[in-house]
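Work the whole structure out from these sequences, hints included.
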Amino acid sequence: MPKLKKEIISIKSISKIYHLGNNVVKALDDVSISIYENDFISIMGPSGSGKSTLMNIIGCLDVPTKGTYKFHQALISEMNDSQLANIRNEKIGFVFQTFNLLPKLNALHNVEIPLIYSSLHRTKRTKRAKEVLKIVGLEDRMTHKPNELSGGQKQRVAIARALVNKPSIILADEPTGNLDSKSGLEILKFFDQLHKAGNTIIVVTHEKSIAKRAKRRVELFDGKITLDE
Amino acid sequence: MNNIFKNILIGLSAIRSNITRVALTSLGLTIGIFTVSIVTAGASSIDKEFEKSMDYYGNDKIYVSTWPWSFNFDWWKYRNRPRIKEEDLDYITQYSQYVTDVSIKKFTWIRSSYQNKASWLQVNGVYPSYGAMLSGTEVTNGRFFSENEWNLQRRVVIVGGTVRDGFFDGKDPIGKKIKIGGVTFEIIGELKKQGMGMVPGGTLDNLVIMPSSTFKRILTRWGFDELVLKTEPENLYKAKEEVGMIMRVARKLRPNQEDDFAVNSADAYQSQFDSIKIAITGMAFMVTGISLVVSAIGIMNVMFVSVRERTKEIGLRKAMGATNNNILVQFLSEAIAISIIGGVTGIILVKLMTVALASYTSFPIEFDLLLIFYTFMVCVFIGITSGILPARTAANLHPIDALRHE
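Those sequence lines, one after another, are chains A and B. In this text, residue positions in the first sequence follow this note's numbering: the first is 1, and each later residue adds one. In this text, residue positions in the second sequence follow this note's numbering: the first is 230, and each later residue adds one.
Take these hints with a grain of salt, some might be off.
[What the hints assert, rightly or not] In silico DSS-like cross-links for lysine-lysine, where the CA-CA straight-line distance does not exceed 30 angstroms:
no., chain 1, residue 1, chain 2, residue 2
1, A, 189, A, 5
2, B, 235, A, 124
3, A, 166, A, 5
4, B, 421, B, 405
5, A, 104, B, 541
6, B, 421, A, 130
7, B, 235, A, 134
8, A, 166, A, 12
9, A, 215, A, 166
10, A, 134, A, 145
11, B, 314, B, 481
12, A, 127, B, 467
13, B, 235, A, 127
14, B, 235, A, 166
15, A, 26, B, 541
16, A, 182, A, 212
17, A, 182, A, 104
18, A, 130, B, 541
19, B, 235, A, 104
20, A, 166, A, 134
21, B, 541, A, 134
22, A, 124, B, 541
23, A, 70, B, 408
24, B, 421, B, 408
25, B, 406, B, 346
26, B, 445, A, 182
[Stated by the list, open to error] Distance windows between CB atoms, simulated:
no., chain 1, residue 1, chain 2, residue 2, range
27, A, 82, B, 602, 27 to 37 angstroms
28, A, 82, B, 534, 21 to 31 angstroms
29, B, 256, A, 15, 29 to 39 angstroms
30, A, 22, B, 534, 15 to 25 angstroms
31, B, 613, A, 30, 42 to 52 angstroms
Keep in mind the hints are simulated off the structure, nothing from the lab. Don't be surprised by glycine CBs; every beta carbon is placed ideally from N, CA and C.
See the structure below:
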């Protein structure tokens, strides 16, 4: 592992334990991983392997039961709800399998959502949202509502939304899962571009072909990392 | 602050996309606000009218009549009472220490006319002293009749404020001759207009005042007599008691006999009026209270539906960095907005109603800014109480669970 790169995320022996009745489920069992600037990582594993849990913890949507998680030296594992919300707002861009665009807002307003929760002024907000829509090549679709966009376009709006706050990492959860192969490939090429532009990207997937594009592959099984190369 | 404002805007945009639902939900509140506004406006108007009527009777006057001024009038008890006699006044002037001035007031309704115009007028026959005892009004044009005119039983009258418009097309009535019960009278004075009153007889201005001597000679067979006594306002109660005792002496009643006369004053109306007013407003507030509670429940219900419908949106907003407070403000402002929409619609309806009423009747409805302000505050309060629970539910949703929600 090239240690000269700057470390963004440092996860040290975290566990996530759920209590379902009398059963104790270890969704993550003593996992450690470091993620560096400009990494392009794929996280693979069968369902129930804990990859979603790991993703949620990295995305600050959840906190581990045990262990420490540092993001830019900040101790995430001990933060409260609103501190986590701020980290998500400023440092993390999410791309979901089902796009999760708000159906009543047009593309531009959807992209603006993360900026609403930061303290950016309205005019700057619109300017920045337009910029990223240009990056994803949708400057002519800004006033369209999600139901007027194709699947690939929707996911590009979602990526624009993830990029709008200039996040430290982009977390994509099965980003091509709901797309046909052609637009899926388009999105993947776009991820390559973003990586080349210096972004740090984490993709959760169960497709080998997608995982191959990543520069670093991580595999999980039964809550433990079985491969990291 | 800026952040709160943005979340309020998000909440408001939810209203725009659900207009039908919002309209139906806020309807309950509209009805509640409408009823309470109408009733309080009505009550305060009635109050004002009533005060005007009280001015008419005066807070320094005692009226000795055959019957009490009462809304629960027991006809069988009162029907055999003797009529009030002018001679009773002699006892009062002789024995009373609180009464400062007295007059008889003979009273009837008579058809009167001027040229081809005719109308029923209330006719009062009084002493010359009555001119100084007028309350709620005064002679603004011309003069009251004199002692001399009373002695000579002259046919002179002082007319109420509406007679000028009714008979003379707004022209000065002084010196004009009108016919009252077929007899010609000359108008020598005019009273200030008092407006509508809530006293027996309705309007306070549709009257003529003449010397009781003239009244007696020409109209003796009709009407009732009443003694009008003036005292100092602070002595009113003592004076009433004293007059009651003097009247018993005048009537030669034995101690075991009940009064066969009534000593009245404006405060008797006041207490009866107050109890009626309390009953009306009490009922209104109960009805309004129920309708406000029901509409608050309605808003709460719709807000829970709204939170449920938008669980995924809440999850997404949280993933994008919305804090619990952001979500709380968003949903709370939606609830408050629904409530205010209902309230404002109610106020607009009330306003339209008062405008419509004002053009059809002369009965004025009070409608003040303070009422609007109170209504607004009530709406905000209802919005908060009905919205806080759903909004808290939304704010406390876990982002992962919310995002997974279908």
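How the hints compare with the structure:
About 24 angstroms separates the Cα atoms of residue 189 (chain A) and residue 5 (chain A), which keeps this hinted pair within 30 angstroms; it holds. For the hint linking residue 235 (chain B) to residue 124 (chain A), the alpha-carbon distance of about 15 angstroms falls within 30 angstroms, and the restraint holds. For the proposed pair residue 166 (chain A) and residue 5 (chain A), the alpha carbon gap of about 19 angstroms is at most 30 angstroms, so the pair holds. Restraint check: the Cα-Cα separation between residue 421 (chain B) and residue 405 (chain B) comes to about 18 angstroms, which is no more than 30 angstroms; the hinted pair holds.
Among the hinted pairs, residue 104 (chain A) with residue 541 (chain B) is consistent with the structure: their alpha-carbon atoms are about 13 angstroms apart, no more than 30 angstroms. For the hint linking residue 421 (chain B) to residue 130 (chain A), the alpha-carbon distance of about 75 angstroms lies beyond 30 angstroms, and the restraint is violated. With a C-alpha separation of about 25 angstroms, the suggested pair residue 235 (chain B) and residue 134 (chain A) falls inside the 30 angstroms cut-off, and the hint holds. The suggested pairing of residue 166 (chain A) with residue 12 (chain A) holds, with an alpha-carbon distance near 26 angstroms, which does not exceed 30 angstroms.
The hinted pair formed by residue 215 (chain A) and residue 166 (chain A) meets the criterion: a straight-line CA distance of about 22 angstroms does not exceed 30 angstroms. Restraint check for residue 134 (chain A) and residue 145 (chain A): the C-alpha separation of about 17 angstroms stays at or below 30 angstroms, so the hint holds. With a CA separation close to 14 angstroms, the supplied pair residue 314 (chain B) and residue 481 (chain B) stays within the 30 angstroms bound. A C-alpha spacing of about 84 angstroms is found between residue 127 (chain A) and residue 467 (chain B), which places the hinted pair above 30 angstroms, so the restraint is violated.
With a CA separation close to 17 angstroms, the supplied pair residue 235 (chain B) and residue 127 (chain A) stays within the 30 angstroms bound. Between residue 235 (chain B) and residue 166 (chain A) the CA atoms are separated by roughly 21 angstroms; this keeps the pair inside 30 angstroms, and the hint holds. A hinted pair counts as satisfied when its Cα atoms are at most 30 angstroms apart, and residue 26 (chain A) with residue 541 (chain B) qualifies at roughly 27 angstroms. For the suggested pair residue 182 (chain A) and residue 212 (chain A), the alpha carbons sit about 17 angstroms apart, so the restraint of at most 30 angstroms is met.
At roughly 27 angstroms between alpha-carbon atoms, residue 182 (chain A) and residue 104 (chain A) fall within 30 angstroms of each other, so this suggested pair holds. For the proposed pair residue 130 (chain A) and residue 541 (chain B), the alpha carbon gap of about 25 angstroms is at most 30 angstroms, so the pair holds. Distance hint between residue 235 (chain B) and residue 104 (chain A) is fulfilled; the C-alpha atoms sit about 17 angstroms from each other, no more than 30 angstroms. Between residue 166 (chain A) and residue 134 (chain A) the CA atoms are separated by roughly 15 angstroms; this keeps the pair inside 30 angstroms, and the hint holds.
Our distance criterion of 30 angstroms between C-alpha atoms is met by residue 541 (chain B) and residue 134 (chain A), whose separation comes to about 27 angstroms. A hinted pair counts as satisfied when its Cα atoms are at most 30 angstroms apart, and residue 124 (chain A) with residue 541 (chain B) qualifies at roughly 27 angstroms. Between residue 70 (chain A) and residue 408 (chain B) the CA atoms are separated by roughly 106 angstroms; this puts the pair beyond 30 angstroms, and the hint is violated. For the given pair, residue 421 (chain B) sits about 22 angstroms from residue 408 (chain B) by alpha-carbon distance, which is consistent with the 30 angstroms threshold.
For the suggested pair residue 406 (chain B) and residue 346 (chain B), the alpha carbons sit about 13 angstroms apart, so the restraint of at most 30 angstroms is met. Among the hinted pairs, residue 445 (chain B) with residue 182 (chain A) is inconsistent with the structure: their alpha-carbon atoms are about 113 angstroms apart, more than 30 angstroms. Range check, residue 82 (chain A) to residue 602 (chain B): Cβ separation about 35 angstroms, and the 27 to 37 angstroms hint holds. Between residue 82 (chain A) and residue 534 (chain B), the C-beta spacing of about 27 angstroms keeps the proposed range 21 to 31 angstroms intact.
For the hinted restraint 29 to 39 angstroms between residue 256 (chain B) and residue 15 (chain A), the CB-CB distance of approximately 54 angstroms leaves it violated. A hinted range of 15 to 25 angstroms is violated for the C-beta pair residue 22 (chain A) and residue 534 (chain B), which are about 36 angstroms apart. For the pair residue 613 (chain B) and residue 30 (chain A), the supplied restraint of 42 to 52 angstroms holds, since their beta-carbon distance comes to about 47 angstroms.
In this structure, the earlier hints numbered 6, 12, 23, 26, 29, 30 are contradicted, and the remaining ones agree with it.
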